[in-house]
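Asks: Sequences and hints are given; from them, build the entire structure.
So you can see what is in the structure, the chains are spelled out below.
Number of protein chains: 2
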Amino acid sequence: VIHAGAGEYSARIRGRETDWCDALRRALARAQAVLERGGEALDAAQAAVAFMEDEADMFNAGRGSALCSDGSVEMSAALMRGSDRAAGAVAGIRHSRHPCAVARAVLESEQVLLIGARADEAGALAGVEQCESSYFVTDDALERLGEREQALGHATVGAVCLDAHGVLAAATSTGGISGQPPGRVGDTPIIGAGTWADRAAAVSCTGKGEAFVRSGAGRQVAALVGTGVELERAAEQALADVAAVKGDGGLIAVDISGKITMPFSTEVMPRGIWRPGRDPEVAIGARDAWSPDVPL
Amino acid sequence: VIHAGAGEYSARIRGRETDWCDALRRALARAQAVLERGGEALDAAQAAVAFMEDEADMFNAGRGSALCSDGSVEMSAALMRGSDRAAGAVAGIRHSRHPCAVARAVLESEQVLLIGARADEAGALAGVEQCESSYFVTDDALERLGEREQALGHATVGAVCLDAHGVLAAATSTGGISGQPPGRVGDTPIIGAGTWADRAAAVSCTGKGEAFVRSGAGRQVAALVGTGVELERAAEQALADVAAVKGDGGLIAVDISGKITMPFSTEVMPRGIWRPGRDPEVAIGARDAWSPDVPL
Chain A
1 VIHAGAGEYS ARIRGRETDW CDALRRALAR AQAVLERGGE ALDAAQAAVA
51 FMEDEADMFN AGRGSALCSD GSVEMSAALM RGSDRAAGAV AGIRHSRHPC
101 AVARAVLESE QVLLIGARAD EAGALAGVEQ CESSYFVTDD ALERLGEREQ
151 ALGHATVGAV CLDAHGVLAA ATSTGGISGQ PPGRVGDTPI IGAGTWADRA
201 AAVSCTGKGE AFVRSGAGRQ VAALVGTGVE LERAAEQALA DVAAVKGDGG
251 LIAVDISGKI TMPFSTEVMP RGIWRPGRDP EVAIGARDAW SPDVPL
Chain B
1 VIHAGAGEYS ARIRGRETDW CDALRRALAR AQAVLERGGE ALDAAQAAVA
51 FMEDEADMFN AGRGSALCSD GSVEMSAALM RGSDRAAGAV AGIRHSRHPC
101 AVARAVLESE QVLLIGARAD EAGALAGVEQ CESSYFVTDD ALERLGEREQ
151 ALGHATVGAV CLDAHGVLAA ATSTGGISGQ PPGRVGDTPI IGAGTWADRA
201 AAVSCTGKGE AFVRSGAGRQ VAALVGTGVE LERAAEQALA DVAAVKGDGG
251 LIAVDISGKI TMPFSTEVMP RGIWRPGRDP EVAIGARDAW SPDVPL
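Residue numbers (my numbering), protein chains in the order written: chain A, 1 to 296; chain B, 1 to 296.
Treat the hints as calculated values from the structure; they're not laboratory data. Using N, Cα and C, we set each Cβ at its ideal position, and we do this for glycine too. Do not rely on the hints blindly, as some may be mistaken.
[What the hints assert, rightly or not] To spell it out: a stretch of chain A is covered by chain B in this simulated footprint if at least three of its residues, at any positions, have a beta carbon under 8 angstroms from a beta carbon of chain B; those stretches are: (1) 13–26; (2) 32–44; (3) 87–95; (4) 106–119; (5) 185–197.
[Said to hold, decoys possible] Every beta carbon over 10 angstroms from chain B, so not counted as near; a handful from chain A, in silico: (6) Glu8; (7) Tyr9; (8) Ser10; (9) Asp54; (10) Ala126; (11) Cys131; (12) Asp139; (13) Arg233; (14) Ala240; (15) Ser257; (16) Gly285.
Replies: Rendered as structure tokens:
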């Protein structure tokens with residue numbers, strides 16, 4: 001299950017729905033390829049996110065990230081595997097082409113969170129391609145920075161997955177909010193807020209990051225599911241809790257039984273599902289009235 | 001309620017118990033002064049932590065922080081107010097005398113987490129005293145770095161408070177783990193892990209930070225209390241969850257009814273309580289067999 005950020009039905013999407021749906025399907029295909037060869041949930045989630053990090057035109061992660069107020073790029077990412085709660089996160093990444101791959105290197109290490117230049121260095125050591133700052137900065141991101149007085153969408157990307165071994169995983173990657181002060185970090189790399197996976201559920205969030213941190217949204221969904229609350233209700237309660245601290249956004253979640261939910265309080269949240277034996281299903285707005293059990 | 005880290009009964013404490021207890025009492029006195037003039041829980045918790053940040057001989061926060069493997073100091077801190085879940089956190093602080101004061105400035109801003117040099121800059125703008133790196137590096141910390149092959153205690157400091165207005169707050173500050181790679185961040189500034197406060201409970205954690213992040217320990221204690229679980233049981237369950245991901249440590253917590261718990265799985269956790277009309281109560285090891293309801 002993937003998302004590409006909860007936000008407004010803006011000019012970046014309007015009239016380009018087909019392109020967005022195509023890109024979502026291609027991201028799902030990356031995860032599908034991993035899973036169909038018997039791969040693990042964590043690898044599948046990372047593969048989908050890595051694709052979206054490369055896709056500069058639409059997604060706010062990796063190349064094409066939102067820019068800080070000074071025009072710089074600072075990226076965050078996190079991964080978590082539910083079976084053993086192994087987690088890796090990075091913040092303040094400036095040179096690694098795939099922040100989610102750096103988060104993966106952190107997950108494989110003794111650490112859980114690495115920040116700043118040392119995170120890029122760890123990425124380089126782990127073989128993650130390093131790029132000049134200019135690689136990440138797109139014309140579209142510069143344009144958005146100029147318009148930052150408008151409430152723009154937060155096109156963070158994320159993926160959650162349940163694999164054939166019954167293991168859950170979550171991955172999230174973001175460039176933050178257009179015009180944010182350098183040094184600002186949102187919910188994406190905060191394990192328990194923007195990203196969480198345990199034996200009950202895997203969750204990836206998007207939206208007003210500060211509100212998701214103050215709610216501990218990801219952890220809350222899984223904790224409720226762990227105590228027997230139905231996934232959809234747990235996710236709704238978490239979003240209500242985010243709204244209580246004046247935040248909007250959305251999340252995707254999958255539980256250990258394979259139930260899926262993808263609620264959002266914004267106009268749109270581009271999203272998609274792939275399940276064995278079915279074509280990928282994708283949607284953008286609430287008006288698509290999309291139920292996971294009704295293929296588009 | 002304050003703590004000064006969960007760890008071993010090491011030479012840093014053994015034979016110096018009186019000094020430690022004195023320092024804990026003085027930290028409590030700072031919070032008491034705030035509360036006795038009708039001040040708020042957040043100010044009281046911050047005052048106790050600020051005292052411990054200055055106290056270089058014992059506490060691993062501010063001056064006297066543990067050193068990174070390259071001999072540098074990188075500090076983290078977080079504050080959270082339960083009534084509105086306002087939160088502020090910083091990581092990778094290198095120059096601000098009081099990292100908790102920078103976290104306070106973040107709490108008062110639109111952000112929740114600021115990292116690196118920009119966090120120090122925000123601190124400077126908010127009037128937090130800036131110091132040369134050498135101010136933070138003590139002989140004792142250099143000695144500990146040399147001995148880092150030994151399992152050393154993690155003397156993170158923290159405070160939780162319930163004020164006369166019925167508002168809960170939590171504060172935590174740390175220099176991390178002696179010999180940690182630069183850029184590594186533990187649980188202290190992760191809202192929901194090392195630091196959390198809501199309307200049910202306020203929690204500050206200490207120990208193997210990565211395990212507390214992978215458990216979402218702080219949020220878990222309060223979430224359980226919010227669903228009616230007794231505070232002591234909630235804290236025990238959170239520490240069991242930390243142990244399940246191979247972590248040890250401790251936490252302090254207070255709930256909205258004023259109940260207190262201070263469990264730890266290590267040899268010692270210097271800690272203390274001040275309550276109106278009583279003398280401050282302090283303890284160091286489990287052997288003190290200290291129940292909060294039995295003044296020392």
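Asks: Against the structure, test the hints numbered earlier, and report the numbers of the ones violated in rising order.
Replies: 1 and 2
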